[in-house]
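K.L.:
Using the sequences and the accompanying hints, generate a full structural model.
Now for the letters of each chain:
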Amino acid sequence: MLDSKIPQGPIESKWTKYKSTVPLVNPANKRSLEIIVVGTGLAGASAAATLAELGYKVKAFCFQDSPRRAHSIAAQGGINAAKNYQNDGDSVYRLFYDTIKGGDYRAREANVHRLAEVSGNIIDQSVASGVPFAREYGGLLSNRSFGGTQVQRTFYAAGQTGQQLLLGAYSGLQRQVGLGNVRLFSRHEMLDVVNIDGKCRGIIARDLVSGKLERHFGHAVLLCTGGYGNVFFLSTNAMGSNVTAAWKAHKKGAFFGNPCYTQIHPTCIPVSGDHQSKLTLMSESLRNDGRIWVPKRKEDAAAIREGKLNPNDLKEEDRDYYLERRYPAFGNLVPRDVASRAAKERCDAGFGVNKTGEAVYLDFAFNMKYKYGKQVATLKHISNPTEEQLTAFGHEVIKEKYGNLFDMYKQITGVDPYKNPMMIYPAVHYTMGGLWVDYNLMTTVPGLYALGEANFSDHGANRLGASALMQGLADGYFVIPYTIGAYLANEISVKPISTDHEAFVKAENEVSDRLNKLLAIKGTKPVDYFHKRLGKIMWDKCGMARNVEGLTWAISEIQKIREEFWKDVRVPGDANEFNPELEKAGRVADFIELGELMCKDALERNESCGGHFREDHQTEEGEALRDDENFKHVAAWQFNEVGNWSLHKEDLVYENIKIAQRSYK
Amino acid sequence: MSGNMNINLKVWRQKNGKSQGKLVDYKVEGVSPDMSFLEMFDVLNDRLVSEGKDEPIAFDHDCREGICGMCSMYINGRPHGPNQGVTTCQLHMRSFKDGDTIVVEPWRAAAFPVIKDLAVDRSAFDRIIASGGFISVNTGNAQDANSLPIPKDNADEAFAAAACIGCGACVAACKNSSAMLFVSAKVSQLALLPQGDPERNTRVLNMVAQMDTEGFGACTNTGACSAECPKEISLTNIARLNREYFAAQLGSDRS
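Residue numbers (the working numbering), protein chains in the order written: chain A, 45 to 709; chain B, 7 to 261.
Don't take every hint at face value.
Said to hold, decoys possible - Only pairs whose alpha carbons sit at most 27 Å apart, straight line, appear in this in silico DSS-like list of lysine-lysine:
(1) A/Lys569 <-> B/Lys158
(2) B/Lys158 <-> A/Lys576
(3) B/Lys59 <-> A/Lys611
(4) A/Lys569 <-> B/Lys59
(5) A/Lys399 <-> A/Lys576
(6) B/Lys59 <-> A/Lys566
(7) A/Lys256 <-> B/Lys21
(8) B/Lys21 <-> A/Lys561
(9) B/Lys21 <-> A/Lys566
(10) B/Lys16 <-> A/Lys628
(11) B/Lys33 <-> A/Lys566
(12) A/Lys399 <-> B/Lys103
(13) B/Lys21 <-> A/Lys569
(14) B/Lys59 <-> A/Lys561
(15) A/Lys256 <-> B/Lys59
(16) B/Lys59 <-> A/Lys576
(17) B/Lys59 <-> A/Lys628
(18) B/Lys24 <-> A/Lys256
(19) A/Lys628 <-> B/Lys158
(20) A/Lys569 <-> B/Lys16
(21) B/Lys158 <-> A/Lys443
(22) A/Lys424 <-> B/Lys158
(23) B/Lys21 <-> A/Lys628
(24) A/Lys415 <-> B/Lys158
(25) A/Lys628 <-> B/Lys24
(26) A/Lys256 <-> A/Lys628
(27) A/Lys127 <-> B/Lys158
(28) B/Lys103 <-> A/Lys454
(29) A/Lys418 <-> B/Lys158
Just so you know, the hints here were simulated from the structure itself, not pulled from any lab data.
P.N.:
If you want it as structure tokens, here you go:
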């Protein structure tokens, strides 16, 4: 039933062969084909710009006030590419292998190999469009390491790599806007897709300033709308990040792949109180130089929690560098899921170091002094530097590498991380699940595509660091411009369909009814009340550790929240104005429906893999225990009605990589 | 409630771009010093929704980690509030005292019309970028990224200019509502990189022309823009823009 449309042939030549045989659309015909791009992050901006360069007529939509604000902007650490500039043994195959293994053997080989193949072009394209990556003194590009790899293949711009890449893609997009090839609709939210005769033909969008609903036709629609981490209320996502576009598509026929695969990032600033609206990531790149530890003795941990002991005074031999202890080969650079679980394990066992007991240390003192301090001392020809000199020298290097992250940490916590170890704890960061797509990035609805984090395809059950930026730009710059031709080549004779078509009218009426229904409830509780309740259930029962009992309970609780929401939510104002509470209400209503599906998927997947950790499926050492015999597949859910889905499976075939128990020891 | 500070707010309320606005008093109790400024607004809005007497206050915000550039409050007469080098979302209540009265207004500039309450329309910035803030390189045309070494100092300086988040604080801080710092940051970034060189003349001329069309004021080198910039974008970018602009007008190639 599910056809992933993977091209035949050996993995190394699938994409090359595909590109040279995919049907083309001639330039004259491109001008009469219209494409709608929803979302302007890395995937959306790069796709919209590139498709417009090719000659298609593009409309780009974003809910923010400018396309430059999409949440790709907040990605910190870097972007991977198999350039092997460091001569340390990297290759397309190795990036492919690392990504499949990092994803715990739950990603599709052909898509991942293609991703690795185009990774180098992304760096070339970005540099050409003015992205100021970090450089060495010789003028060439600098690299660093990220989790789950043993090579240095991560390109970066301080701790603001996402910002710089997005601004690069955004400038390309704005160039096309200026040329009249892209029409930009900022402060617009997509509220439904419109299907006609089994094909996606447009969207209904709401102008968020005037509140007016608009109908837009497209020969194809691309959803580049990011992930759904905000279902947990607290996450590192932006406040506006939402699942609404993907969810509306899901309800109109697009299958949802692996919804339970969420990434809990190990290094985030811990929760400080119940007023908290979001969590802030401290980039994984910090694990290049920060060492993670908790006290060896519970008494010391308790003394630290009570403020009686300063962590700087705890002797080296009394510290437990638990990642280095458990995973000597990868140490502090184990993949995210592994690092997160290890932190939870220590905190659950009573070794947490902040007031809530849910924090571990990320400590730079050692490398500041003995790695960088010594380097600088050597450069300065100081043969017997004092400890103070070493710290001062190292301080400057650390500042250059991670300055903005250290500033951010200090701003949020009020504690100076140059003097005290950072306190960190895992938080929801990314969602590997998303709309199911085939090799062409097309969903199960013809003409409807999903790119970037919005699709499920490349990261399996766990994404490696610095791979999200890579995937977003790969999809937008280098994949969709080819694969969309396979579909549009057959659409050249289709004239633009009038938005007076009954399908558009019906879809708009449905959207309008739903908005009016939300406003008419006039209950007693604000939207956030429901969102926070949902988030807590998701975090407790469908977060870092999951079990049958918890998930079963969560499903029935979420159903209750849904009922209550539709009876008792209070949405002020009206539909024909700028109304952020109304926007939020619509998004939370969708999150509630999604939350149920995530729990259902987590319950159905009777194994542990990557970020999906079922307590009833673990090795003696507490590692995720897969069941390849029964679960080596993508779970793709078809929507029937609210709370009711059918499960389809795409078997994952590994022809090039031998699946094994994942080990980072 | 999670804290013990009491804060008196005077907040600009304006139904939409066509209506008159005014400052309205609100008292927020139980504020925690660990709250961000926007989280205090969340608490207030929660209360306003629950009470049902007054509509919640509209304000722009998204990433809440100081990088998207969407938040934009003019706090006690300063864009993004009293602290140096932070956005509103990264301003925490520990920067204020119990009992403080805080005045919160939107950005004020003819080119940034108010949409509602504290939210303004900054799409003029997008149009300025569309007029020339790019390098014309179609996808697929790029050469190998390491084929063109760039001196580290130039790359670092370009990065420092590129760190602009496009929030518009510079415009709000300027008595003339000039957008020079914003425009100069982009002009500088691309002028410092060899990739930006071929279009440097047309870029600066077009971007300055668009800036004028949008209704931003002239620059009189007061420096308030840079002093209030949450990313501390340097005033030297404006000097560089001026050099680029005059050279471009003379048609010099400055090589």
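K.L.:
Each of the hints needs a verdict: does it hold here or not?
P.N.:
Hint by hint, here is what the structure shows:
1. A/Lys569 <-> B/Lys158: 55 Å, violated
2. B/Lys158 <-> A/Lys576: 46 Å, violated
3. B/Lys59 <-> A/Lys611: Status holds; Cα separation ~20 Å.
4. A/Lys569 <-> B/Lys59: 14 Å, holds
5. A/Lys399 <-> A/Lys576: OK: A/Lys399 and A/Lys576 at ~22 Å, within 27 Å.
6. B/Lys59 <-> A/Lys566: Given that 27 Å is the threshold and the Cα spacing comes to 13 Å, the pair holds.
7. A/Lys256 <-> B/Lys21: Holds: A/Lys256 and B/Lys21 sit about 17 Å apart, inside 27 Å.
8. B/Lys21 <-> A/Lys561: Given pair B/Lys21, A/Lys561 holds - Cα atoms ~23 Å apart, limit 27 Å.
9. B/Lys21 <-> A/Lys566: This hinted pair holds, its Cα atoms lying about 21 Å apart.
10. B/Lys16 <-> A/Lys628: The given pair, whose Cα atoms are some 25 Å apart, holds under the 27 Å limit.
11. B/Lys33 <-> A/Lys566: 25 Å, holds
12. A/Lys399 <-> B/Lys103: Since the Cα atoms of A/Lys399 and B/Lys103 sit roughly 24 Å apart, the hinted pair holds (cutoff 27 Å).
13. B/Lys21 <-> A/Lys569: 23 Å, holds
14. B/Lys59 <-> A/Lys561: Holds - the C-alpha atoms of A/Lys561 and B/Lys59 are around 21 Å apart, at most 27 Å.
15. A/Lys256 <-> B/Lys59: It holds: about 25 Å lies between the C-alpha atoms, which stays within 27 Å.
16. B/Lys59 <-> A/Lys576: 23 Å, holds
17. B/Lys59 <-> A/Lys628: Roughly 20 Å separates the two Cα atoms, so the pair holds.
18. B/Lys24 <-> A/Lys256: 17 Å, holds
19. A/Lys628 <-> B/Lys158: 44 Å, violated
20. A/Lys569 <-> B/Lys16: Between A/Lys569 and B/Lys16 the Cα gap is close to 25 Å, so the pair holds against 27 Å.
21. B/Lys158 <-> A/Lys443: Holds. B/Lys158 to A/Lys443 sits at ~17 Å (cutoff 27 Å).
22. A/Lys424 <-> B/Lys158: 20 Å, holds
23. B/Lys21 <-> A/Lys628: 19 Å, holds
24. A/Lys415 <-> B/Lys158: 22 Å, holds
25. A/Lys628 <-> B/Lys24: 25 Å, holds
26. A/Lys256 <-> A/Lys628: 17 Å, holds
27. A/Lys127 <-> B/Lys158: Distance of about 20 Å is within 27 Å: holds.
28. B/Lys103 <-> A/Lys454: 19 Å, holds
29. A/Lys418 <-> B/Lys158: 23 Å, holds
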